[in-house]
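For the protein sequence lines, the chains are A and B, in the order given.
All residue numbers in the first sequence are consecutive under the UniProt record's numbering, ending with 330.
All residue numbers in the second sequence are consecutive under the UniProt record's numbering, ending with 330.
Calculated from the structure, these hints are not laboratory results.
As the structure is a computational prediction, the values presented were derived from the model and not from experiment.
The reader is advised that the hints may include incorrect statements.
As the list claims (entries may be wrong) - A short list of chain B residues far from chain A (calculated; beta carbon distances all over 10 angstroms):
#, residue
1, Gly185
2, Lys233
3, Leu303
Unchecked claim - Below 16 angstroms or equal to it, Euclidean Cα-Cα: the simulated EDC-like pairs (lysine to aspartate or glutamate) are:
#, chain 1, residue 1, chain 2, residue 2
4, B, Lys214, B, Glu189
5, A, Lys56, B, Glu45
6, B, Lys108, A, Asp144
Positions of the beta carbon are idealized from the N, C-alpha and C atoms, including for glycine.
2 protein chains.
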Amino acid sequence: MAAAAARHSTLDFMLGATADCNAVLKALQPVFQEQGMTETVHNWEDHGYLATYIQKNGSFANLRIYPHGLVLVDLQSYNDQTKGKEETDRLLDKVEERMKELFHGNIKRVKRLPAILRGGAIDRYWPTADGRLVEYDIDEVVYDEDSPFQNIKILHSKQFGNILILSGDVNLAESDLAYTQAIMGSGKENYAGKEVLILGGGDGGILYEIVKLKPKMVTMVEIDQMVIDGCKKYMRKTCGDVLDNLKGECYQVLIEDCIPVLKRYAKEGRMFDYVINDLTAVPISTSPEEDSTWEFLRLILDLSMKVLKQDGKYFTQILQKDSWRKLMLE
Amino acid sequence: MAAAAARHSTLDFMLGATADCNAVLKALQPVFQEQGMTETVHNWEDHGYLATYIQKNGSFANLRIYPHGLVLVDLQSYNDQTKGKEETDRLLDKVEERMKELFHGNIKRVKRLPAILRGGAIDRYWPTADGRLVEYDIDEVVYDEDSPFQNIKILHSKQFGNILILSGDVNLAESDLAYTQAIMGSGKENYAGKEVLILGGGDGGILYEIVKLKPKMVTMVEIDQMVIDGCKKYMRKTCGDVLDNLKGECYQVLIEDCIPVLKRYAKEGRMFDYVINDLTAVPISTSPEEDSTWEFLRLILDLSMKVLKQDGKYFTQILQKDSWRKLMLE
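Hey, can you work out the whole structure from these sequences and the hints?
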């Protein structure tokens, strides 16, 4: 947390009634001016005030007063010391105090979010597939490479272990064994002696778990050799030693686009007991059919059905893994 | 998402080298000015530029250029329409485009976070115990009351079901059965015929799960009747019908501070097979001993040991529930 970055802090007040914008400005002005900050005020006719406060050290604050009763404070400062954090907190404490004096009990809600660290060496913010903001306790960039297909990052989190992030989407953490188990049928399937086809799955988690269950043969088709290279080195809790070789007694890994492979198998009449689709949510393919994500998913499903035995089973994620991670617990 | 709130968007650029602040400003100025925004520029001697752009409709933007090679854009607008989101996105797209033209490949990282919604009717941001920012997909405030001890909120999330939040700390979601099972010993304990004491646990989850296992007697000591009232109505997936009555065939719920109860039991020689400490991370107590959180925890532990049989077991959370929810999966 002491790493160099811009620290952006926010403090929001929802008032119980419309605001006398000028009174709020007058009450808070001294708090900023006591810090030696210089003020610039913009006054809209119908939209309230924006006051900007600038400090000599490069920090600045915005005070935005909306007349319907919303007061938003932003404070941005660049520093690599804990001291900056304390100064910011003290200033925001004073603003909060002054606002409470001014409005007595008539503030509906006060909200101070954890400061957002911007431009630091390590990016802590990895939104979910449904666009929610989530901060991780990342303390190390373990791997960061561009393959011909995607950006591959492996970041270490104190809480979740190493996390695989493909082109910005959180794919799997070392702590996500439950995801792997879920997509395998939650322990209710008997893989012994079975023929299994895994589409994608470059982190090796599914392959590692299924190989333990004595299948006849598992074929995994992963497009990106570099995902395998990164994971076999840094996601060993997920994949064990299964990616150390692309061939084992009861498994093989093909480094190929799965669409032509599925077509070939369909043509040859090669059939499987299980097809497990572990492709990324935003598909990567070298095939021209990929007009849209949904068409791609339908194509994968159609082709999978062609290589599935009469009583075979098809497993896929119905949600992003990040959601799975939680829904698993229901 | 279409509810009335201020939408605060950010767009950050980490450059590959130090920045010519003036060149960046000159390149981006037109993007804002084309929107009819008026500019105010502050130029520090050693700390770069801050440009503020103001639009007639009450929106504004900050462009902060740090000379060591960091460019941060903030855009704040108040609206209750999707249109505002699209306009913001278009403006940020243009900024990104212009920056990429200016620096060609020499931008190390571009980061655009999901917009933060500020001052809306429903608060979506509930930080973790370790201070990380997390946004939930809250769509309804189900319950929001102040008890004599704390603020009690139950919020509905599409993903997690109803979530119990005590004084701002996420306590338990209806999807968190795994947490309840973990604190009960992960299914490895035999509660049949046993005497069990639960400290706290007002959501009723532990009580409900243990009662199913035919214990001799479970005593739950919860300080806050209002937590029970809220949970028995809105967290039924967690507590079933167990909180409908404070007494059942094999359980009783005492609405009391657990410290005097523990002291009384210790004095009486009342002994238990299991003590399960499910108190909130920040303790609530009416007892004077509570000088600090750690002293409180030690006191609870000391007293618990006094009421525990020789071969009895003490379970507690070693981490906040929010962490548990994930660590459970390891």
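Checked against the structure, which of the hints given earlier come out wrong? none
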